[in-house]
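Visitor: Chain by chain, the residues run as shown.
There are 2 protein chains.
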Amino acid sequence: MSISTKPASGFRDFLPNEMRQRQHVFHIIREVYKAHGFEELDTPCFERLDTLLGKYGDEGDQLMFKVLQRGRKLEKALNLDEPKDTDLADMGLRYDLTVPLARIYAQYKNELPRYFKRYQISPVWRADRPQKGRYREFYQCDVDIVGSSSMTCEAEVTSALAMVLKKLDFSGATIQVNHRMLLRAFIEAADIDVSLETDTLVAIDKLDKIGIDGVTKELLERGITQESIDKLLPMLDITVDVDDQGMPDNLAALNALGEKIGHLESGQQALKDLGELFTLGQHTAAATMLRLDPYLARGLSYYTGPIFEIRSSDFSGSLGGGGRYDGLIGMFGKESVPACGFSLGIERILVLLEERQQLQQVKPPVDVLITLWSQEALPTCLKLAQKLREDGLKVDLYPDLDKYKKQFKYADERDIPFVILLGKDEIAQDLIGIKNLKTGEQETVAYDKVVEIIKCKDK
Amino acid sequence: MSISTKPASGFRDFLPNEMRQRQHVFHIIREVYKAHGFEELDTPCFERLDTLLGKYGDEGDQLMFKVLQRGRKLEKALNLDEPKDTDLADMGLRYDLTVPLARIYAQYKNELPRYFKRYQISPVWRADRPQKGRYREFYQCDVDIVGSSSMTCEAEVTSALAMVLKKLDFSGATIQVNHRMLLRAFIEAADIDVSLETDTLVAIDKLDKIGIDGVTKELLERGITQESIDKLLPMLDITVDVDDQGMPDNLAALNALGEKIGHLESGQQALKDLGELFTLGQHTAAATMLRLDPYLARGLSYYTGPIFEIRSSDFSGSLGGGGRYDGLIGMFGKESVPACGFSLGIERILVLLEERQQLQQVKPPVDVLITLWSQEALPTCLKLAQKLREDGLKVDLYPDLDKYKKQFKYADERDIPFVILLGKDEIAQDLIGIKNLKTGEQETVAYDKVVEIIKCKDK
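Keeping their order, the protein sequence lines are chains D and L. Numbered according to the working numbering, the first sequence spans residues 1010 to 1468. Numbered according to the working numbering, the second sequence spans residues 1010 to 1468.
Check before you lean on any hint, since a few could be wrong.
Which copy? The list can't say, so a pair holds if one copy fits it or any two copies do.
Stated by the list, open to error - Each computed DSSO-like pair below joins lysine-lysine, with the alpha-carbon atoms no more than 27 Å apart:
(1) Lys-1444 with Lys-1343
(2) Lys-1372 with Lys-1118
(3) Lys-1082 with Lys-1064
(4) Lys-1418 with Lys-1118
(5) Lys-1175 with Lys-1412
(6) Lys-1464 with Lys-1176
(7) Lys-1240 with Lys-1281
(8) Lys-1372 with Lys-1176
(9) Lys-1418 with Lys-1141
(10) Lys-1281 with Lys-1433
(11) Lys-1414 with Lys-1064
(12) Lys-1415 with Lys-1392
(13) Lys-1141 with Lys-1015
(14) Lys-1015 with Lys-1343
(15) Lys-1269 with Lys-1372
(16) Lys-1218 with Lys-1085
(17) Lys-1175 with Lys-1392
(18) Lys-1093 with Lys-1082
(19) Lys-1433 with Lys-1414
(20) Lys-1093 with Lys-1015
(21) Lys-1118 with Lys-1215
(22) Lys-1433 with Lys-1082
(23) Lys-1085 with Lys-1015
(24) Lys-1464 with Lys-1396
(25) Lys-1433 with Lys-1396
I should point out that these hints are in silico values taken from the structure, not numbers from a laboratory.
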C-alpha cells in the first residue's frame, strides 16, 4: 500500500500537545468574550452555493471549496454541454464567518435579542496555493455587535480585544484606529478625485512597509498629482503623545486633525464618532492601547465608520482588524443593519506565542500516572484512580505489566509530573508511594497527602 | 432577492441558547475524558479521497461528500470520456473519526507515547437523505486507547463512559457487554455454519426490538435450522442478578455461560477477557452499569474482542457503542495494532437531555446588564463594566439611550438575571442600584455588595 498518511496538502493535524495549546488560547479568548456579554454561535461548515457566491469578489468565488453533486444530479450536470463548477456543485465550504452571520441575522432576526452580541471561533476553508504559514483550513475568531449605531459598541469591542491581548501577554500591542469618513475627508481636502479614492487608500496603507518615500512614489504611479500629495501627506502626519502612565492623548491628536478637515461634512461625522470612542475608551481595558492612525485604511471596502487594526512590535503585519460595517449584515434582507466587529488573527497569534515559547507553560495533560507492578494490584490501582478522579485530578493508569524503565519513560513521554507506586507493602499498609519525576523525590504517604502533593504542584 | 436564508438541507444552525447547552454537555464529556488521562486530537475536516474510499463499504463511498477539483484539474477531469466522481473530486469530507485516527497513528507513531489515549469531539459529514433527527453534519464523540491488549483498557473506557453518563444524569443507563468470540462460540456450539454467522448475529441483535419470537422467525428466514435455533437461544438466555446495592453479578452469569461453551477454544479467550473485565469493572465508575448481554452483536464487523453498547430505559436504541478492534488501526501500516474505544451517541444524548428539559438549567450567558440612562453616565458605566469583568463576572452594557421598558425587555430576552441602574443620585453617592429581575427586589449598595449579590445568585 502506498497511500500517503500525511494530511492533504494545505491541511494540518493537531496532535494532543499542540491541541492543548490551541485550546488553552481559545479558552482565554472565549472567557474574555463571555465577560463582555458575547455569546457563541455555530453555523454549518457547508452553505448553499448561492449564499456564498458573489460575496467575496471573483477571486473569492474561485478560492471557494465546492461540494460535488451526487447521484442523478451529478449525472444531469455532466450531461450539460459545458458543465461549470456551479453546475457540478450544490454547496460550498464556509469561506468566512461574516456571510453566515448575515444569513443567520436575516433568518432568525425575530428570535434574536435586540442587540445580537455574538462570537464565533470556527474553521473556514480557502483553496489558496498552500505555502509556509498559509493553510487551506484555518480558524477565524470573530466578535460582532449587530443592531446598534452607538460608539459604545466600538468601545466594547476594543475593550474585549485589549483584554484578550493582555491575557495573551501582548501588552505592548496597540489598536490602531481610523475612520472611513476621515479618509474620505482627507481625499476631498487634498483635491483628489473620488475615482482615485481606492488607489490613494491602498498606497497610504503601506506606510508601515514602504515608508513615506515609498508611499509618495506609489501615489504618483497611481495617478495622484504632486500637488495633491503635498496637501495630503502633511494632513496625515499626526503624532499621538503618550504620558508617563502609558495613556495616549488621542483626543489632542484628533483636535489637531479637526483643524485641518473639520470644515468638511464627511470629516465632521468621523470627528464626532472618534471623539466619542476615544473618550469612552479611556475607561475600558483598551485605555492604553488605542492609537489614532490616519494612515490606517484596511483593504475591505465594506467598512462605513471607525476601523481598527492590531499591531505588535514583534510582528510586521496585523494581528487582526475590524470596524463598523453598517451595510453588510443586511445583505440578505431589505433593511440596512448597523454592526461593528473584529476578527482576531488567531492563527498568527498562535504562531507568535509558539515562537515566544509562551505555550510551553500550558499545564500537563495528566496530573499523575499510576504504575502497575503486579496483576493482583490492579483492583487497588483502579479504585485509587477512581477516587483521585472524583477528587478532580487527571489520572492515567499504565495498562500492562512492564519494566520499571518503560513505565517511567511513558510518564516522561506524556509530561506527567508524578507517578504512583503501589507495591505489596504499600497496599498492605494502605499507603501510597508517590514520586515527583522532576525532583526525583519519593514519599510513602496516606491518600489525603497524595492529593495535597499533586494539587500543590498544580499551582 | 430570493436567496433562502435557511441552512442547507440537512444542516443546522446553533443559535446561542442551543450552543450554550451543547458546549455545556461537551465540556462535561471533555472533563471526564481528561480525568481518565485522554487527550484531545483534531484532524482536518478534509482528507485525501484515497484515505477515505473503500473504508466504509460501497454505501459509505456513495454517502461521502466529495470536494470538487478546481482550475485545470477540473478541466482535465471534464475532458475525460466518462468522468466519475473520483475524477472530479480530490478530497472528501471526514466520514467518521476512526479512519483519521488510523491515519494519524500510521503517520506519527514514533512521536506518540507508547499508549495513545485520545478523544476527539468533531463534526463528520454524510450525504444521507435528511429526515427528522438525521443530519448531514453531526458531531461524533470518540474515545480510544491504542497500543495495549490489556483488559485494563476496557475497564478504563467503560469507566469514562459511566462517569459521563452519571454526570449527564443517565444514572439508570446500562453498558451492555458481550464479546465477539463468545458470539462465535455460540454459533459453533449451535452447529451453525460459519457462512451464516453474520445472518445469525443480525437476527439476535434485534431481540430488543422484535422479541424472542421475532428473532426465531428471522433466524428461520435467514436459513438457520430449527435444530440450531433450539440449541442457540437457550444458551443466550442468561440473567444478570443485581443486588440491593445495585451491583450486578456479571461473574455468576459468565460462569453459567462458561458451562455451556467453555469447552470451545473461541469461547475460552472470551470468557477469560470478560472475566477480567467484570472483575476490574467492580472497582471503576462503571461498577453498577456493566451488564453481560449475550444477545448484543453490534453491526460493525471490525470488532475482535469485547463489545459494548449503552442502553437507557427512556430510549429504544443505543446511546453509543464500542469495543476492541485490534485489526483496524493498522490499516495504513504493516503491523496490526491493538485498540479499544467507544463512540458516544452525542447527538441522541443531546436530544434526550433537551426532551427531559435538563438543559434549561444551564447558567445564563450574562450575569448582569448595566442599563443606560444618560450619555453623561456612560464613562461611569464602562468603568463599572470593566471592574466587574476583572472580578470574573459576565457583563453586558446597553449601548443606546432607550426607554426603561426596552432595556428591561432586552435583559429578559437574554435571560440576564440582574440589571444595574446608575442614575445621577447613585453616581453622586458612588453607589450602585441593582435589581433582581426574577424577584423584583431592588437595592442601592456599594460596589463590593453588588459583586456579592450577583455571585450568590450564581451558586
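Visitor: Confirm or reject each hint.
Guide: These are the hints, each one checked on the structure:
| no. | hint | verdict |
| --- | --- | --- |
| 1 | Lys-1444 with Lys-1343 | neither (67 Å within a copy, 38 Å between copies) |
| 2 | Lys-1372 with Lys-1118 | between (42 Å within a copy, 23 Å between copies) |
| 3 | Lys-1082 with Lys-1064 | both (25 Å within a copy, 25 Å between copies) |
| 4 | Lys-1418 with Lys-1118 | between (56 Å within a copy, 16 Å between copies) |
| 5 | Lys-1175 with Lys-1412 | neither (46 Å within a copy, 36 Å between copies) |
| 6 | Lys-1464 with Lys-1176 | both (24 Å within a copy, 23 Å between copies) |
| 7 | Lys-1240 with Lys-1281 | within (23 Å within a copy, 89 Å between copies) |
| 8 | Lys-1372 with Lys-1176 | both (16 Å within a copy, 24 Å between copies) |
| 9 | Lys-1418 with Lys-1141 | neither (34 Å within a copy, 50 Å between copies) |
| 10 | Lys-1281 with Lys-1433 | between (78 Å within a copy, 25 Å between copies) |
| 11 | Lys-1414 with Lys-1064 | neither (59 Å within a copy, 38 Å between copies) |
| 12 | Lys-1415 with Lys-1392 | within (23 Å within a copy, 56 Å between copies) |
| 13 | Lys-1141 with Lys-1015 | within (16 Å within a copy, 37 Å between copies) |
| 14 | Lys-1015 with Lys-1343 | between (47 Å within a copy, 16 Å between copies) |
| 15 | Lys-1269 with Lys-1372 | neither (54 Å within a copy, 52 Å between copies) |
| 16 | Lys-1218 with Lys-1085 | neither (51 Å within a copy, 41 Å between copies) |
| 17 | Lys-1175 with Lys-1392 | between (43 Å within a copy, 17 Å between copies) |
| 18 | Lys-1093 with Lys-1082 | both (13 Å within a copy, 13 Å between copies) |
| 19 | Lys-1433 with Lys-1414 | within (19 Å within a copy, 71 Å between copies) |
| 20 | Lys-1093 with Lys-1015 | between (31 Å within a copy, 25 Å between copies) |
| 21 | Lys-1118 with Lys-1215 | neither (39 Å within a copy, 46 Å between copies) |
| 22 | Lys-1433 with Lys-1082 | neither (69 Å within a copy, 67 Å between copies) |
| 23 | Lys-1085 with Lys-1015 | between (35 Å within a copy, 25 Å between copies) |
| 24 | Lys-1464 with Lys-1396 | within (14 Å within a copy, 30 Å between copies) |
| 25 | Lys-1433 with Lys-1396 | within (20 Å within a copy, 55 Å between copies) |
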